[in-house]
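2 protein chains.
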Amino acid sequence: MNIQSRSQKSPRTDEEVIRSCGLFRGLDDTQRAVLTSMAVRKRFKQGTPIFVQEEACPGLFVVDHGLVRVFRLAPNGQQHVLHLCGPGQTFAEVAAIGGFALPACADAAQPAGCVMIPTDRLQQELALNHQLCRQLLTGMAFWVRHFVQLLEDIALRDAMGRVTRLLYDSPCDASGRIQLPGAKKDLANHLNLTSETFSRVLRRLAEQGVIEFDQDRSVHVIDAQQLEQLSGQSQNTDQ
Amino acid sequence: MNIQSRSQKSPRTDEEVIRSCGLFRGLDDTQRAVLTSMAVRKRFKQGTPIFVQEEACPGLFVVDHGLVRVFRLAPNGQQHVLHLCGPGQTFAEVAAIGGFALPACADAAQPAGCVMIPTDRLQQELALNHQLCRQLLTGMAFWVRHFVQLLEDIALRDAMGRVTRLLYDSPCDASGRIQLPGAKKDLANHLNLTSETFSRVLRRLAEQGVIEFDQDRSVHVIDAQQLEQLSGQSQNTDQ
DNA sequence: CGCGACTTTGAAACCTGTCAACTCCGGTGG
DNA sequence: CCACCGGAGTTGACAGGTTTCAAAGTCGCG
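Sequences listed follow chains A and B, in order.
So the first sequence is numbered by the UniProt record's numbering: it starts at 1 and just counts up by one.
So the second sequence is numbered by the UniProt record's numbering: it starts at 1 and just counts up by one.
Hints are computed from structural coordinates only; laboratory data are not their basis.
Among the hints, a few may not be true.
[As the list claims (entries may be wrong)] Below, a sample of chain B positions facing chain A; criterion: calculated Cβ distance under 7 angstroms: (1) G98; (2) Q131; (3) R134; (4) M140; (5) V148; (6) L151; (7) L156; (8) F213.
None of these values were measured; they are calculated from a predicted model.
We treat Cβ as the ideally placed atom computed from N, Cα and C, and that holds for glycine.
From just these sequences and the hints, can you work out the full model?
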C-alpha cells in the first residue's frame, strides 16, 4: 500500500496546484509559468454539476481540494463512475487536448476547488510549445495504460478481487488506516458493483479478520499480506 | 452501420500502409516520408506470438493485412482480448510512445503483415518533430475516448446490448452483410462474454428475426432499426 | 426532532459462467 | 479414399455470483 505523502492545505496558489499534478510533472519552471498564466480558478459546492457530457470542453481541470466525480451517463439513465478525482488529479484533459466534446459528466462529490486551463488557450500553447506536447503525450500514454488496467479489473476480477485491489492500491497513513474517498455507493459504482455487494464484501473481509472498520468511513488493515494475496488473484476461489 | 469502404490488396508499400492508418491521418507527405524511412516489415504466421506483455516495446505496429489479437494475460492464466486489429489499425502505440513496458500480449489471429516503427527511432523523432507530436497527441486522445466507451459497454450493458452494439458498429457491405472479424470465441472474449453466451444471444436475435446467418461467418441484418434500438439501450429488457 | 440520503442486511430472481455432450469441419495419416 | 483427430461452435442442464427488491438501521443537517 502506498503511504500517503502530504496532507494538503486548502489555499494553494495556482502554481502550486499545477506543480502538484502528475500530468505536468517533468515540466520546468518556465513551462509551468506559462500554464499558470492561463489558469482560471473554479469553485463548486457539493453536488454541483461541473459539466455535462456532449458539451464542448471548457478546459483542463486540476483539482486543488475536495473531490470530483467523473461519470458517464447512459441513455437509460444509468451511470458509471469513471474516476473520483482528489487533489492533484486532472480531469477533462482528454477532451481539452483532443479538442472534442466531453465524453463524460462531472460534479462535485465534496466541496471542491479547481484550477482550469481553458481549452482554446491550451490548444494555442500546444501549437507552439513542443516540450509541453511531449510531456502531455507521455502523460496521455500513462492514462491509457491506466484504463487498460481498469478494464482488466472489471472484466477479469470478481467482486472480492476488485474491492481488495481498491484497498490495496489506496493510500494509507503509517498505521495502515485507509480513508475511503467519497461515498461507498460511488466507490462501489466505480468498481461496477452495487453498494449492497460492496457492503457485503467488506463485511466478509472483516469477518475473516483482514480488515477492521473504524468510525468515520475509514478502514484499518489488519492482515496486509492476505489482502495482497486476495487482490493479486481473481475469480475462482481455488487454491 | 458503417459502409465498408475499400477492400485492400495484400501487397502495399510501407508508405501506403502508413497513409491508410487513422493515427497518422493529418500528417503531410514530408512527415509520412520520415516515418516510412524508419519502417520495418514484419510477417507473422497464424498463431505466432508477436510480443509478450512486460517486455520492452519493440515499436509501433501498423497492420497491413491479416488480423492481430491484442490481449491481456492475468496471473491465473485468464485472458481478455483488448482489440482485434485489422488493416490500417495500430497496436503497441501506447507503450512505444510512452516508453514503457508492453501492457499486453499480441499474436496473429490470422496470417498477418505489419509495418513496424522501432521505439527508439520513434522517440528520437518525437524529440525533434513538433507536428508529429501534436498529431499523436490528438490520436492518443481519441484512443482514450475509445477505451472509455469500451469500459462503458462492459460495465453498463448486458450480453444482448454488447452483441447488438458490436453488430451495429461493424462495417457491412451495401446489402447489410457483416463479415465478423476473427473467431467467435475471440469476439466473445473481447465483449467479456463466453463463446457459449455469445452463441445463445446470436440465436435469440435470429429467432426474433433481427438477423440471419449466412454461411461463412457472416451475418445478414434484417431489421436494422430494431438492432439500433437494442444496441442503444442496456440491461433491463423493459420496453 | 424529523426528514432524507446513505448503509446494511436478508430473501428471491436473474444473468452468465461452467460443465458436458454433440455436431461440424479441416487436416493428417494409414 | 476413408478413418481418425482436434479445435471451433452449438446446445442443454446446472450452479453460482450479483443484482434486485424490500425493510430496517444510521448518520448528518435544516
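- [ ] Tell me, in ascending order, the numbers of any earlier hints that this structure violates.
- [x] 2 and 8
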